[in-house]
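With the hints as constraints, model all of the structure from the sequences given.
Going by our numbering, the sequence shown opens with residue 29, and the numbers climb by one from there.
Any given hint could be a false lead.
Below 27 Å or equal to it, Euclidean Cα-Cα: the simulated DSSO-like pairs (lysine-lysine) are [said to hold, decoys possible]:
| id | residue 1 | residue 2 |
| --- | --- | --- |
| 1 | 146 | 121 |
| 2 | 179 | 208 |
| 3 | 60 | 193 |
| 4 | 36 | 73 |
| 5 | 158 | 208 |
| 6 | 135 | 202 |
| 7 | 156 | 145 |
| 8 | 156 | 219 |
| 9 | 201 | 36 |
| 10 | 36 | 156 |
Everything labelled a hint here was simulated from the structure, so no lab data went into it.
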Amino acid sequence: MYDYFIGKIADIGVTDLVIETSGIGYVMTASKYCLNSLKLGETAKLFAYLSANENGVSLYGFCSKEEKAMFMRLISINGIGPKAAIGILSGLKLSELTFCIVNGDYKSLSSIKGIGKKTAERIILELKDKLDEELQEIDGSMSTSNASDLKSDAVDALVALGFNKQEAASAVKKVDSTGKTVEEIVMLALKRS
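Printed below as a string of structure tokens:
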């Protein structure tokens with residue numbers, strides 16, 4: 029099993045990339061958002077998932093632990109394999125995908141190529157409670173002392189859900205945090221992003 033690869037990006041295609049490490053080029057399938065964030069020749073750390081089935085062995089690469097975690101959640105759902113999970117991660121930004129699941133937005137999920145209404149509903153059914161629970165755990169572990177701490181904690185929670193730091197800060201900045209918990213701030217920020 030592989031956790032991650034650190035190496036030079038040797039090639040970037042439409043659906044995959046080659047990362048060269050120790051003189052070996054590894055082909056990894058990745059989401060379009062991950063592929064678009066990489067540059068040829070740069071050194072990168074990509075988290076990995078190795079899939080073996082009757083068709084062969086495939087490597088999947090992820091630009092963040094959060095993206096890999098969502099991939100792992102998706103492939104745990106009956107009927108969603110690694111290729112479909114990468115398709116879902118390519119169809120919506122990680123933060124948008126999280127928002128759709130948490131808010132039960134099956135229409136946006138079913139707009140992704142290859143994902144029908146029933147599959148979208150199954151994703152929401154199986155992942156909504158898990159993501160809600162993670163939000164509550166993040167909320168419960170954070171202080172509630174003052175507004176700036178709350179906003180900082182909300183930014184941290186959004187980063188843990190897959191936002192990059194700038195997106196999270198921008199989304200939280202737009203929310204009036206007066207009298208709200210971290211979870212409420214996060215939910216409002218998700219709705220406005």
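Outcome of the hint check:
no., hint, result
1, 146 / 121, "holds (21 Å)"
2, 179 / 208, "holds (10 Å)"
3, 60 / 193, "holds (20 Å)"
4, 36 / 73, "holds (9 Å)"
5, 158 / 208, "holds (22 Å)"
6, 135 / 202, "holds (26 Å)"
7, 156 / 145, "holds (16 Å)"
8, 156 / 219, "holds (15 Å)"
9, 201 / 36, "violated (36 Å)"
10, 36 / 156, "violated (37 Å)"
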